[in-house]
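Under numbering that gives the first Met the number 0, the first residue of the sequence shown carries the number 0, and numbering increases by one thereafter.
Be aware that one or more of the hints could be misleading.
The calculated lysine-lysine pairs, modelled on DSSO-like cross-linking and capped at a C-alpha distance of 27 Å, are [as the list claims (entries may be wrong)]:
id, residue 1, residue 2
1, K344, K357
2, K290, K239
3, K319, K290
4, K527, K538
5, K257, K239
6, K58, K456
7, K53, K706
8, K96, K53
9, K397, K357
10, K276, K120
11, K339, K357
12, K53, K305
13, K194, K232
14, K203, K706
15, K538, K205
16, K257, K218
17, K58, K81
18, K41, K53
19, K218, K679
20, K250, K94
What follows is a list of derived Cβ distance ranges for each label pair [stated by the list, open to error]:
id, residue 1, residue 2, range
21, Q79, V514, 26 to 36 Å
22, D594, S525, 27 to 37 Å
23, K67, S700, 30 to 40 Å
Just so you know, the hints here were simulated from the structure itself, not pulled from any lab data.
Just so we're clear, the structure is a prediction, and the values are computed from it rather than from any experiment.
By construction, the Cβ of each residue, glycine as well, lies at the ideal position given by its N, Cα and C atoms.
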Amino acid sequence: MNQQFILENIVNDLGLKLNAVQNTINLFDDGATIPFIARYRKELTGGLDEVQIKNIGEKYEYYKDLEKRKETIIQTIQEQGKLSHELEKEILNCKEKQKLEDLYLPYKPKKRTKATIAKEKGLEPLASIIWTQLPIKESKEQIISRFINPEKGVNNSDEALSGALDIVAEWISEDAKIREWLRNYSFNQGLITSKVKKEWKEKKSKFENYYDFSEPIKKSPSHRVLAIKRGAKEGVLTHKVEIDNDFALSKIDSFVIKNESFVFVQELRNAIDDSFKRLIYPSIETEIFNKKVEEADIEAINVFVKNLRNLLLAPPAGHKVILGVDPGFRTGCKLAVIDKNSNFKEYKAIFPTEPHNKIEEAEKILLDLITKYNVELIAIGNGTASKETQSFIKDVIKKHKLSVKSLIVSEAGASVYSASEVAQEEFPDLDLTVRGAISIARRLQDPLAELVKIDPKSIGVGQYQHDVNQSELKKALDLTVESCVNYVGVELNTASKQLLSYVSGIGNAIAQNIVNYRAENGGFKSRKELLKVPKLGNKAFEQCAGFLRIRNSKNPLDNSAIHPESYDIVEKMAKDLNTDVSSLIGNDNLISRIDISKYVTEKTGLPTLKDIISELKKPGLDPRKEFTSTEFGADINEIEDLKVGMELPGTVTNVTNFGAFVDIGVHQDGLIHISQMGEKFVKNPYDVIAVGDSVKVKVLSVEVELKRISLALIRS
């Protein structure tokens with residue numbers, strides 16, 4: 000494998016320094032994770048961020064795959080005895096997978112085609128005569144007659160010529176230069192079109208905008224491509240990529256025809272026409288659409304990643320006693336209390352709304368739980384009966400002058416968690432709905448710690464998430480969760496197995512071993528103790544230690560983001576100031592006297608030393624924003640209550656490339672189209688809005704039957 004070729008291409012593709020790329024690749028090969036490299040190896044990478052490091056990793060995998068594919072292709076062509084020096088050189092210099100496959104196409108083992116059948120009939124020499132266009136002295140009829148052979152199934156001149164042209168048509172379709180030109184032309188000049196199928200012509204559907212649709216495919220945004228793809232999958236639409244066929248054919252003519260006076264020139268044009276319609280263009284059209292789908296997948300996955308990151312890093316309510324409420328009408332409301340450390344305490348059911356209206360009984364139960372556990376916050380799921388339940392709870396709080404605040408919390412994915420193996424393992428004796436109430440409370444207390452237990456796809460912040468490449472989606476979402484978990488840090492003695500599994504270098508097996516060790520030994524006293532956990536060796540310790548926190552450890556640095564490999568530096572700093580580490584932490588006066596240049600070594604440079612100083616000032620600081628909440632209007636409960644012109648508070652639940660969805664408390668999110676996000680043109684919704692934001696909106700239109708709500712963002 001040509002490592003230098005790989006390295007040079009990554010440097011050119013990403014515009015990064017050679018040394019930084021080389022060191023990052025070495026770290027990947029050594030088993031380092033993206034969060035670890037970004038946080039603790041800044042000297043080696045030149046301070047690359049997680050996105051840049053991730054890009055290097057992706058490019059590295061791409062070029063490694065490309066090099067392996069080259070080896071296979073060269074070997075296959077060599078075995079056929081057809082590998083020329085020029086072809087080998089062209090293959091070795093190839094930087095794109097698609098171009099490589101174009102070069103390989105003429106040598107790729109094939110199923111039986113018209114051309115292979117014609118070759119079996121001995122017609123390849125005739126095809127070569129037509130293809131090479133060399134001067135010939137005989138007439139067409141004389142040349143063709145030499146290949147008539149009834150024993151091989153060539154009974155007359157027409158059959159001989161037809162078979163030869165089938166071979167020529169295949170050669171044309173396999174020409175790498177022709178394919179490359181047609182691919183580029185189709186992508187740059189083609190139109191993506193969609194039509195409604197006959198049986199849907201008179202019916203309404205969510206694909207109505209695409210019943211007779213056309214636009215340049217190059218400019219077609221991801222959400223439209225994925226909508227067309229889904230429409231076709233659901234049997235509503237058909238789609239094509241349309242180009243100027245006459246222009247394309249004339250261009251292919253110029254590639255193929257070298258001699259206009261050649262005796263077989265018209266037959267050659269017939270082969271070009273046949274090749275274009277039967278072989279090349281159907282293949283290129285599929286490639287182009289698939290390429291757009293791949294681009295759309297990447298964009299849709301990026302949308303999901305951005306939304307998921309914002310959701311996971313939503314401000315936590317923190318170490319507070321919380322009452323979780325899973326609201327409902329007929330089945331009642333399930334109440335579950337969790338303590339400051341997320342431990343489940345007690346469960347009750349109440350029936351304060353229609354059809355039961357057991358208000359007095361519900362009030363007594365609610366009051367008992369609030370006073371018994373000193374509840375500080377009440378988290379109400381935003382599903383069915385949420386507004387009615389919140390109205391009841393607010394009345395109780397007001398009536399009894401309680402210092403408790405009630406909040407509506409997204410319960411997206413809570414039902415998935417409730418029925419999951421994780422929930423069954425945590426609460427084997429509790430009902431699904433009780434688990435849901437606990438999850439609602441916990442996601443208010445610490446969204447990240449709770450949401451990692453749910454498959455990210457079930458959280459509902461994606462754009463066409465079920466239509467994109469599922470393996471790529473999972474990979475991207477897992478990396479996002481891993482990034483968020485390590486960015487925030489994890490409390491080693493209280494974190495769930497699921498949360499621990501996302502910590503750099505740990506994974507599921509070691510996470511379970513940590514939980515087992517914790518249960519057997521009563522918690523960790525220091526980071527060093529991690530080395531006693533089965534399967535957690537020195538490499539895993541190096542990767543994970545800096546991201547794990549231990550409150551009340553003997554060594555106060557164990558509750559910081561300072562890596563154990565740097566403890567000796569901090570100890571030297573403290574010693575030089577005639578103090579100890581405990582006294583140094585959080586002491587701005589002492590910290591300001593540290594001259595970090597004195598502590599630079601071959602291994603530890605200024606980037607790491609600056610991080611150490613920042614962490615000494617505010618050790619273990621949660622990087623997430625301060626907790627805030629949105630209060631919905633009390634008189635707006637259903638979509639029917641909305642009127643055009645109303646101004647309402649809301650919470651952003653999802654952001655896409657075409658706008659943002661907002662929960663305004665009517666059990667149906669409204670859409671702020673990108674055109675309604677500001678007085679000036681907004682190119683990217685993420686520039687102005689994010690999942691979890693509290694916003695004020697104006698109602699533009701309401702379609703009750705279709706459950707469509709159009710909103711405008713009110714900028715303060």
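Verification of the supplied hints:
1. K344 <-> K357: holds (24 Å)
2. K290 <-> K239: holds (14 Å)
3. K319 <-> K290: violated (50 Å)
4. K527 <-> K538: Holds - the C-alpha atoms of K538 and K527 are around 13 Å apart, at most 27 Å.
5. K257 <-> K239: violated (32 Å)
6. K58 <-> K456: Given pair K58, K456 holds - Cα atoms ~26 Å apart, limit 27 Å.
7. K53 <-> K706: violated (40 Å)
8. K96 <-> K53: holds (20 Å)
9. K397 <-> K357: Between K397 and K357 the Cα gap is close to 19 Å, so the pair holds against 27 Å.
10. K276 <-> K120: holds (24 Å)
11. K339 <-> K357: violated (30 Å)
12. K53 <-> K305: Holds, at about 15 Å.
13. K194 <-> K232: Status holds; Cα separation ~13 Å.
14. K203 <-> K706: Holds, at roughly 14 Å.
15. K538 <-> K205: violated (52 Å)
16. K257 <-> K218: violated (36 Å)
17. K58 <-> K81: violated (31 Å)
18. K41 <-> K53: holds (14 Å)
19. K218 <-> K679: Holds, at about 22 Å.
20. K250 <-> K94: Within the cut-off at roughly 26 Å; holds.
21. Q79 <-> V514: 26 to 36 Å: Violated, since Q79 and V514 (Cβ atoms, about 57 Å apart) do not stay within the stated range.
22. D594 <-> S525: 27 to 37 Å: Cβ of D594 to Cβ of S525: about 30 Å, so the range 27 to 37 Å holds.
23. K67 <-> S700: 30 to 40 Å: violated (55 Å)
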